[in-house]
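> The residues making up each chain are set out below.
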Amino acid sequence: MEKPTSRFVGRITVTQHGEEIVRPLGPENLLLRGARLKNTKEIYGVAVYTGMESKMALNYKCKSQKRSAVEKSMNSFLIIYLGILLFEAVLSTILKYAWQAENKWDEPFYNQKTEQERNSSPILKFISDFLAFLVLYNFIIPISLYVTVEMQKFLGSFFIGWDLDLYHEESDQKAQVNTSDLNEELGQVEYVFTDKTGTLTENEMHFRECSINGTKYREVNGKLVPEGMTDDSPDGSTPQLINEELLFVKAVSLCHTVQISYDQPDCLVGGGDPFSHTNGFSSNHMEYYASSPDEKALVEAAKRIGVAFTCSNGDTMEIKTFGKSEKFKLLHVLEFDANRRRMSVILQDSSGGKVLFTKGAESAILPFTTSGEIEKTRLHVDEFALKGLRTLVVACRHFSPEEYIDVDKRLNAARTALQQREERLQEAFSYTERDLQLLGATGVEDKLQDKVQETIEALRLAGIKVWVLTGDKHETAVSVSLSCGHFHRTMNILELLQQRSDNECAEQLRRLARRIKEDHVIQHGLVVDGASLSLALREHEKLFMEVCKSCSAVLCCRMAPLQKAKVVRLLKTSPEKPITLAIGDGANDVSMIQEAHVGIGIMGKEGRQAVRNSDYAIARFKFLAKLLLVHGHFYYIRIATLVQYFFYKNVCFITPQFLYQFFCLFSQQTLYDSVYLTLYNICFTSLPILVYSLFEQLVHPHVLQSKPGLYRDISKNSLLSFRTFLYWTVLGFCHAFVFFFGSYILMGEDTTLMGNGQILRANRQLMFGNWTFGTLVFTVMVITVTLKLALDTHFWTWMNHFVTWGSIAFYFIFSLFYGGIIWPFLHTQDMYFVFVQLLSSGSAWFAIIIIVITCLFPDVMKKVFYRHVQPTSTQKSQSLSSPQEQTLSCMESLCCYQQGQSGCSRLAHYLEQMTGQCQATSHCHASSRNNRWEGHRRQTMRIKSNKASPPHRCSLDYRL
Amino acid sequence: MMATSYSAKDEDGHITVSGPGAGTLRSKKPENTAFKQQRLPAWQPILTAGTVLPAFFIIGLIFIPIGIGLYVTSNNIKEFEIDYTGVDMSSPCFNCSQNYSWNSTRPCTCTIPFYLETPYESNVFMYYGLSNFYQNHRRYVKSRDDSQLNGDVGSLQKPSKECEPYAYHENRPVAPCGAIANSMFNDTLELFYNNPNGTKLQIPLTSTGIAWWTDKHVKFRNPGNDPNLTAAFQGTTKPVNWRRPVYELDSDPENNGFINEDFIVWMRTAALPTFRKLYRIIQKKNSMVPTLPRGNYTLEVVYNYPVRRFEGRKRVILSTISWMGGKNPFLGIAYMTVGSVCFLLGVVLLIIHHKYGNRNNSADISN
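Taken in sequence, the protein lines are chains A and B. UniProt numbering puts the first residue of the first sequence at 1, with every later residue one more than the last. UniProt numbering puts the first residue of the second sequence at 1, with every later residue one more than the last.
Worth flagging that the hints you see were computed from the coordinates, not collected in a lab. No experiment lies behind these values; they were computed from the predicted model shown. Heads up, a few of these hints could be off.
Listed below are several chain B residues computed to face chain A (Cβ distance under 7 Å; list not exhaustive) [unchecked claim]:
| hint | residue |
| --- | --- |
| 1 | K28 |
| 2 | K29 |
| 3 | Q37 |
| 4 | V52 |
| 5 | V141 |
| 6 | A179 |
| 7 | S183 |
| 8 | R268 |
| 9 | A271 |
| 10 | P329 |
| 11 | F330 |
| 12 | L345 |
| 13 | V347 |
| 14 | H354 |
Cβ coordinates follow ideal geometry from the N, Cα and C atoms, glycine included.
Could you build all of it, start to finish, from the sequences and the hints given here?
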């Protein structure tokens, strides 16, 4: 994940007045493509990372393609079919040569070879015979399957974006599909890995409580009220902050990287002294922008309390404490990183005193504090966490001049180092951030999103295991987990926390495993923290997986972004190979989103990075339920049937050809005319399955959503199991045998089936030829194969009717037309009037009907039998829903008559809409493209946050 | 530091257009149409015992009578078959069959007596049947030139390559070219009724109306507009195995050349190695006398066509036909079988319906 730009290391030497000044250059000095410059007039720049080093070029190579489980099983089916093809070709070739051993079959007097054929080498002949058989049977490998699947996926994916239930009114966001390849994977998810902040929660931070010097405070109406006291001070009286409180609030309002934006663009660009302008602005015109919502919430809270952060310009910061301006010189910013989990600023106040403010996770700061109410604060932090608040600890350090010089030197040296800059910076940072004086802690609330509990419950009922992965501390995580229904009160919560050594960790894991075994009645939940997880993963992966699998909910806290991906990969590569889904909203979830089988981005406040790297993007977590339970179900059943039906219909298609070889001396004579061979997959049988695979619904969406258990019916790729595959293949072969031998027997050895067609002309009994025989088989086949799909269709819209009956009609019309003309450009006129002759024979009709029915009724019987004897829950819910729902009759659906709208008027309505849209969209397309382009350019430069604490991270734009 | 001072808000995609266009910003809200919301009105049939039950009974009830009808019809068709290959020493054609050569100058004739036990009332169709003759061999099937047969003069003089090695003979184009034409069946079959009074009565055989109308009138055409076929076929040579050139197949100009019906029938290649082809029709003369009364008959064969080399058989079949075609009991049997199986399954379904039908509806879905 680490891209070279985030490790950018450079040094600049500026010669000023004959003096060389060396300045460090880091990622923060990089302007990424499309970044916009603000608050400055001009810069000097050098282009770096160009050409093949550009982000786009680098990412292009390492982008891995995700393939769905359906696609994988499709490929293994293909290999089986390839085997069948080779087997048939080899068998035919061998039998051909066995026959040809005798001259009377090889070259009877009535059928001599040409000189050329006689003289060609036997090996060459053998090879060409084998290849000819391969060509003859190649239709068993359904090439058109891939075309249809792609089409289905592409067209089908529109339904996600169109779904009103996945549309978020407030943010005007609809669901977005980035990869249509994975639609069906949505129906196969077994594990959901979800981020917490911004995914389960709104990522809207509100400052609630703080702890200053061992006393707890709440914020009430813009005032800090100590615990146990009520807000009884009269309005308007100026609240006074005592020393510690003031220092704490100042620290909060200074230790951050928040930017200010003024409505008036001329705020800071006047050049000279920026501070002269600031007085003119009321706070209404000022807005804070932060890469981390926590920081923003804290700075805003500080402003409400009375310490307003008013201006920052390069290396000065200004705050107004109850109207009194105070200027600080910003000496250093020790940026946030995921390892340190804290950030610091070093400031010089007006009196020249240098002070370091630091804030970060309590585990990252408390060990380095030397003074302050450490124990009490720790207690308060835990209390905050139990309430589900996000906690940060604030500390400071006053430097003596000597100390500062030392620190300054080290920091500068580290920053300008060209080699091992990161390591040296880490060293310098930890050298600086020590001997801290604890000031207090903050508690920020992040509200849960709407309907998170219901969604998680639904997912659990659907047999999906939900893992929450978060960077928060474990108390916060557990309390949020409990409040969002991820953990139940009744759950037995197991903990794997703060393991320091391998052995300890293994011991704890074994203990947990034993507890689970003893107590298998109730559900278990597991809490793991990042450190223990990495220990568990290093040595005891198996044991850990075992424990995890028997827990119905797992919560991983204190996770680093890469650890999230690691957990996903661990599950993904476990022996059962479950299908995983990762959902998150921030840049720190990107690795996990890319790692999981299905990556879902939440369009939240954390920017669009997750969205762009995801396969699907939705606006709210609650939409996940519909996306999986309804859309996933639909796409899966559709594609599963699509794939198997394709194999089936091609087996039906080509097996009679194979059988025919036994009757024509394996001479590679085709049974069907070449036009029929070509058009079978393209015209005659393509549309019904495509329409089926776009519109099929086994169960009504509402039922699917209200009964998540139906999701279990399709889990583990059950519709594409080897058994069902075998069923369809065997069915295909059986049907092919019935087609061929049915026609063979009914037409008779003596081709007496050819009736006289007394209706048309008197007393003629004419002869059938091989082409008529082939056409009879083909006709029966087209009808049967189409009707077989009709039997499997549960959702008959007018389009299904149209393409099903239309395909059969088209076949008849086409055949009449094709056989009705002597085609001048065709070499042979084999098919001339063959079809008409076939249809004019009464017994041919009888034969067609009987063969079609013979093929289909065992299948109907099987369906009915299984439905009654072993109904799946899907089938149960079908029969349940049908009486309640208002269902249409066959005829009604044919003309889609509903609510007084006839099919034709509806169709006209659609057409109108479509044409109207075309006109309307022509300009709005252009504008949206512009917007998007602009969006791209702006998004390219971005600073991302890790949620746990305020961070600075340069992150990147991968996909374009 | 400058680079970081862009506003984070831009990321969210809330790009509000400032200026006059801001108010008209289109919502991304999807349209609430039945199509886009996958709510198209639809018929949702469910295959349960209750719904398919009537279908099974109906199929059963319809198919069984149809099957009986077909079977009876097929059984009423009278068919008589004579194998005249002459494999046995005792067979009248044994001597002729020993001749393996196709072009023996002296025609070999044999006479086969037979007895019809029942009179044939309606028109009788006379077929010749061949077995083990692979008309469906790929090399054979494609060995023809349809444009030559369609009267194309260019193709007449320059037959298609597909006809090889039957395209040219002695440097002259073969008409009709190809293996199919070359191997045309050339036995002559004649039928005599042995009157009980001792006279031998030749039965008139109609040799027209045995090919598809479209074949005779559209697909096959003599070359040129010259009614004199000898001139039209000038410059071509007859197929090697033929005794006579194509323009001497029949004396009737409407049945000569490429539009000779025996030729057209032969050119329609059979699907299977055992096949029969229509040879002649014995028309019913008047309604009083059966077409072929009960009695003794003689079949006179001019034995030209050698089949013993590929273990072939030659037969003559006399058959009446019905509205459903020739004798084929299988269609009737198939209908009866499927009909009764459907009926039986219907009964099974009825049981299932009663036993499981109620349980099914009350069952709830376990989560």
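> So, for every hint listed, does it hold in this structure?
Structure-based check of each hint:
no.	hint	in the structure
1	K28	5 Å, holds
2	K29	6 Å, holds
3	Q37	6 Å, holds
4	V52	6 Å, holds
5	V141	6 Å, holds
6	A179	5 Å, holds
7	S183	3 Å, holds
8	R268	4 Å, holds
9	A271	4 Å, holds
10	P329	10 Å, violated
11	F330	5 Å, holds
12	L345	6 Å, holds
13	V347	12 Å, violated
14	H354	10 Å, violated
The earlier numbered hints that this structure contradicts are 10, 13 and 14.
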